[in-house]
Amino acid sequence: MNPKSFEYHAPKSVAEASSLAEEYGMDAKFLAGGQSLIPLMKLRLVSPSHLIDLGRIPGLSYIRDEGNHLAIGAMERIAEIARSDLVRRQCPILSQCAHQIADPLVRNMGTIGGNLSHADPTNDMPAVMVAAGASIVAASGQGSRVIPAGDFFVDTFTTALKGTEILVEVKMPIGPTRRGAYLKLERQAGDFGIVGVAAVLEMSSDGRCVAAGIALTGVGPTVVKATRAGEILKGVELDKNTIDRASRAAAEEAQPSGDLRGSAEYKRAMVEVMTSRTIQAAARRQAER
Numbered sequence: 140m141n142p143k144s145f146e147y148h149a150p151k152s153v154a155e156a157s158s159l160a161e162e163y164g165m166d167a168k169f170l171a172g173g174q175s176l177i178p179l180m181k182l183r184l185v186s187p188s189h190l191i192d193l194g195r196i197p198g199l200s201y202i203r204d205e206g207n208h209l210a211i212g213a214m215e216r217i218a219e220i221a222r223s224d225l226v227r228r229q230c231p232i233l234s235q236c237a238h239q240i241a242d243p244l245v246r247n248m249g250t251i252g253g254n255l256s257h258a259d260p261t262n263d264m265p266a267v268m269v270a271a272g273a274s275i276v277a278a279s280g281q282g283s284r285v286i287p288a289g290d291f292f293v294d295t296f297t298t299a300l301k302g303t304e305i306l307v308e309v310k311m312p313i314g315p316t317r318r319g320a321y322l323k324l325e326r327q328a329g330d331f332g333i334v335g336v337a338a339v340l341e342m343s344s345d346g347r348c349v350a351a352g353i354a355l356t357g358v359g360p361t362v363v364k365a366t367r368a369g370e371i372l373k374g375v376e377l378d379k380n381t382i383d384r385a386s387r388a389a390a391e392e393a394q395p396s397g398d399l400r401g402s403a404e405y406k407r408a409m410v411e412v413m414t415s416r417t418i419q420a421a422a423r424r425q426a427e428r
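According to our numbering, the sequence shown holds residues 140 to 428 in order.
Hints should not be assumed to be uniformly reliable.
[As the list claims (entries may be wrong)] Computed cross-link-like contacts, DSSO-like style, restricted to lysine-lysine with a CA-CA straight-line distance of at most 30 Å:
# : residue 1 : residue 2
1 : Lys301    : Lys151
2 : Lys168    : Lys151
3 : Lys301    : Lys143
Calculated from the structure, these hints are not laboratory results.
Keep in mind that this is a model prediction, so the values were computed, not measured.
Input sequences plus hints: build the corresponding full structure.
If you want it as C-alpha cells, here you go:
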C-alpha cells in the first residue's frame, strides 16, 4: 500500500520548520529519518497532508564532548552513534544501545531525534535516556527549553513536545565514575525487546554505589523509571543480596500487559532476571575502568 498524497516541505531552519507546523497544525508531521513514520504512512495508519522534512536543516548532526555531557544533534544517525569512538569511550551504554536497535538498514537511516520523538513503549533508547538522567533540548520559533528525559516520555507514542516544538539536541551525562549497561530480551536479533533494562551507576572510590538509575522498556505504556530499585542500590556495595533486592523492586515497579511476546506474569519475571544481569554488567564496567 502507498501513502496518501501529501505536500512535501524542506525548511532550512528550525524556525521555518516550526512556522510550517504552526500553519498546518494537525495536518502536518515532522520527518527525521522516516524509519517509524514512513511505514505508518504506507499502512495509512497516519496520513499527514503536509510532511516537514528536517533533513535539510544545517547544524543538527553532531556529537560533541561538552565536558560533563555529550551533546548529540537530533539528526545524528543511530549508526553514527554506534560507530563513534567518542561515544564508545565516554558513554559506552549509548553505544551498546545503538548497536541493538533494529537492523543496519534502520540504523543507517534512523536518527536519535526521531527515535526519541516517536516514543514507542518498546523502544530501546528511551530507557537509556531516563536511566542516565539525560536532557532533551526542544526548540521552536519562540525559543528553546530543556526537558529532563524522565519528563519527556509522557505516554504511548506521546512526548512533552508541544505542537510546533522540535527535538534538536540530546545532552547525555558523562563522567569518570559513571558506567552503565543496556540489555534486552528479544525473540531474535533486531526485534523489539520483550523486556529491556538500562542501568547507570555512579561509584565511589571505596566501591560503593553513590547513585543509580534503572529504567525499563516494554513493560508499560511508556518507559518506566524503577525509582525504588535505584534507591536500594544507593550508598551500598553491590553484593548479590543488594542486586537481588533491587531486581525484585524493579519487577514490582513494572507495568506489563500481556501480548504476543508474552504474558504480563512472564514479562514481570523477566524484568527481575534482566535487571539483575544489567546491574551486574554495569558494575563490571566500573571494575574494569
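Quiz item: So which of the earlier hints does this model not fit?
Solution: Of the numbered hints, all hold.
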